[in-house]
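With these hints in hand, go ahead and build the complete structure from the sequences.
Keeping their order, the protein sequence lines are chains A and B. Add 345 to the 1-based position in the first sequence for our numbering, that's all there is to it. Add 409 to the 1-based position in the second sequence for our numbering, that's all there is to it.
Note that these hints are calculated values from the structure, not bench results. Here the structure is a predicted model, which is why all the values come from computation and not from measurement. One should not assume that every hint holds.
[Unchecked claim] A short list of chain B residues far from chain A (calculated; beta carbon distances all over 10 Å): (1) 415; (2) 621; (3) 644; (4) 662; (5) 754.
[Stated by the list, open to error] Residues from chain B that face chain A, not an exhaustive set, calculated with beta carbons under 8 Å: (6) 464; (7) 475; (8) 478; (9) 491; (10) 497; (11) 501; (12) 507; (13) 513; (14) 514; (15) 542; (16) 544; (17) 548; (18) 562; (19) 565; (20) 673.
By construction, the Cβ of each residue, glycine as well, lies at the ideal position given by its N, Cα and C atoms.
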Amino acid sequence: MSVHAIMPPLPARRPRRPIPGFGLSLGYSIVYLSFVVLLPLIALAMSAARLDFDGWMRVLTDDRVIAALRLSFGSALAAAIVNSVFGPICAYALVRFRFPGRRMLDALVDVPFALPTAVAGIALASLYAPSGPMGKAILEVFGVQVGYTSLGVTLALIFVGLPFTVRTLQPVLRDLEGDMEQAAALLGADRSRVWRRVIVPSVAPALVTAFTLSFARGAGEYGSVIFIAGNFPRLSEIAPLLIIIRLEESNYAGASAIAMVMLLVSLCSLVVINLFQALMRERLGHE
Amino acid sequence: MKLELENVTRRFGPRSVVDHVSLEIASGQLVGILGPSGSGKTTLLRLIAGLESAYEGRVLFDGLDVSELPLRSRGVGLVFQQYALFRHMRVFENIAFGLRARSGKERLSGIEIRRRVSELIHLVQLEGLEDRFPRQLSGGQKQRVALARALAVEPRLLLLDEPFGALDAMVRRDLRRWLRSLHERTGRTTIFVTHDQEEALELADRVIVMNAGRVEQDADPDRIYDDPASSFVFEFIGEASRLPVQIRDGLVWFRDRLLTSPRVEAPDGPAVLHLRPEHVRWTEGEGSIDVSVIAGRRIGPHRRLGLEIPGGWGRLEMDTDAATPMRIGDQFRVEITGGRVYAPSKSRPLQ
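Here you go:
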């Protein structure tokens, strides 16, 4: 009798993954994200749900809330746009050239990351307040007040968002060999054409990521903004501050409602940006 | 276009990577710069392209110093070693890039650009791949896109950096032949850099052998192979073995035997005889050397034998008919029918 006749057929085995640890790492990730991200969000939604329809309408039509939301997202957008221009230029200088003090400059980029936001806030406020040295000079020369206005808010958000754009672009620019730029120049392209047609499209997805990070950080920023903002209701009061004011008034549902609106706006922005990014990757042939 | 280099030197720190190189390349030549890695050949090419600037000396295009000319006005087409294709552009746009970059009177209409690019795509045999991105192409295809892109602007001078380095043997051979015929059709002055001696000898009209930043020899392929100017060139081009010999009155002696090679221009005393496999022949005659077989490998139609001279006197190589039966340990006699002895200044010491 042959061996095959007595051996029962082997059960079909699941193919093994070549890299071990899939179950463990995914399990950890899900548990971790649930506790740190998902549960707090659910709690927020439940808290906001205590508000009835009229309560929601009151929050949503309150012009102080609308002004605060507009300021937070508007200045975050403005700061992200500014950072998406100057961050890459800064990253380019740090990556492409060797000059004395390069490492110092490189370290300086991290300061907004490392500095406690309140410290940054006080520093900016004392400098750009209408009585501060820079604030005074700008007011005199350009007739524009920086401190205690939306411009001051944007300035603070540029400050906190800059390292995100620089650090996102640096590795991508480093990977983009100088060869491509040299090839473009030898083919007759001038500097502006090299930037427009070669460098920017090559780093475009990273640029969008950098923009997103700066925007997301800016929209929720609190500590570095409140000092320079001056916090005049409907004028220079940011949404996170309004949430805190509501909390201090023991209006928990109202605070949650504003928070919920911020969450939804942020989520929608992220979805739109991601779709845009996917579209662009396809068009520009990025992997 | 005629290209001249006058005493061109490029240093990186204290090291001269290109050391006082002077060259004149006539219009329409196909020149190969050959050398081992670190010999300065790529730096020389980049100096000609303008991607590096010389510390000393001048680069002249048709008699005009181009040192201060910006890259985009040089009229140089360069095919980079890693191709440097624009990753975010399709094949068509890669090739059209140089045409679209033109300004003023030289500007072409969209239709004209389309026509020119189609011609080039036909020339490099990439029909049907116009809409691919570079990452969707094979190495040989990328290479041809890079070539078409460089040719699109009708450069005065075409430079290629290790053009076939990253390709497999078959693709290499095809592309080499294709490039040769392209050059014959267009007659554009072309310089390529390679570390592959076979490639340089097969493709170029003229080969410049570089070593340690200097030109070791500058001649046509026949001269380079038959009459290497130094022991470095001898050993870099083709297979070579070395034999310790004595020179007496311009005659070459191996131990007590007079070798049949001609008189040499070297001072009396110990020297090194450089040999190629074809300089060693099986014999029964006088003045011959005893050898025993220590290795054998198949090279095309021949079998190349590694031979040892008993007593630790040295090793030789020779080619035999692949059909001749030969076993490791077999002993016979060979004679030396050629080879070169270099003056000490042009020779490296025997280790």
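Evaluation of the provided hints:
1. For residue 415(B), the shortest C-beta to C-beta distance to chain A comes to about 22 Å, beyond the 10 Å cut-off, and the non-interface label holds.
2. With a cut of 10 Å on Cβ distances, residue 621(B) stays outside the contact zone with chain A, its closest approach being about 26 Å.
3. Its beta-carbon lying about 32 Å from the closest one in chain A, residue 644(B) satisfies the requirement of being farther than 10 Å from that chain.
4. The beta carbon of residue 662(B) is kept farther than 10 Å from every beta carbon of chain A, the shortest such distance being approximately 54 Å.
5. Even its closest Cβ contact with chain A, about 39 Å, leaves residue 754(B) beyond 10 Å, as expected for a residue assigned away from the interface.
6. Below 8 Å, beta-carbon pairs count as interface contacts, and residue 464(B) has none with chain A, the closest being about 18 Å; its hint is therefore violated.
7. With a least beta-carbon distance of about 13 Å to chain A, the hint placing residue 475(B) at the interface is violated under the 8 Å criterion.
8. Interface restraint check for residue 478(B): the shortest CB-CB distance to chain A comes to about 12 Å, outside 8 Å, so the restraint is violated.
9. With 8 Å as the threshold, the beta carbon of residue 491(B) comes within range of chain A, its nearest partner Cβ sitting at about 6 Å, so the hint holds.
10. The closest approach between the C-beta of residue 497(B) and any C-beta of chain A is roughly 4 Å, which is under the 8 Å cut-off, so the hint is satisfied.
11. Proximity of residue 501(B) to chain A is violated relative to the hint, the smallest CB-CB distance being about 12 Å (cut-off 8 Å).
12. At its closest, the beta carbon of residue 507(B) sits 4 Å from a beta carbon of chain A; the interface hint therefore holds under the 8 Å criterion.
13. Checking residue 513(B) against chain A: minimum C-beta separation of about 12 Å lies over 8 Å; hint violated.
14. Proximity of residue 514(B) to chain A is violated relative to the hint, the smallest CB-CB distance being about 14 Å (cut-off 8 Å).
15. Taking 8 Å as the C-beta contact cut-off toward chain A, the hint placing residue 542(B) at the interface holds, the least distance being around 3 Å.
16. Because the smallest distance between the Cβ of residue 544(B) and any Cβ of chain A comes to about 7 Å, under 8 Å, the interface hint for this residue holds.
17. Annotation: residue 548(B) was flagged as interfacial toward chain A, and the flag is violated, the nearest CB pair being 16 Å apart, outside 8 Å.
18. Evaluation of the residue 562(B) hint against chain A yields a held restraint, the C-beta minimum of about 6 Å falling below 8 Å.
19. The interface hint given for residue 565(B) is violated, since its Cβ lies 12 Å from the closest Cβ of chain A, which is over the 8 Å cut-off.
20. Restraint check, residue 673(B) versus chain A: the minimum CB separation of about 47 Å is more than 8 Å; hint violated.
Taken one by one, the earlier hints fail for this structure at numbers 6, 7, 8, 11, 13, 14, 17, 19 and 20, listed in ascending order.
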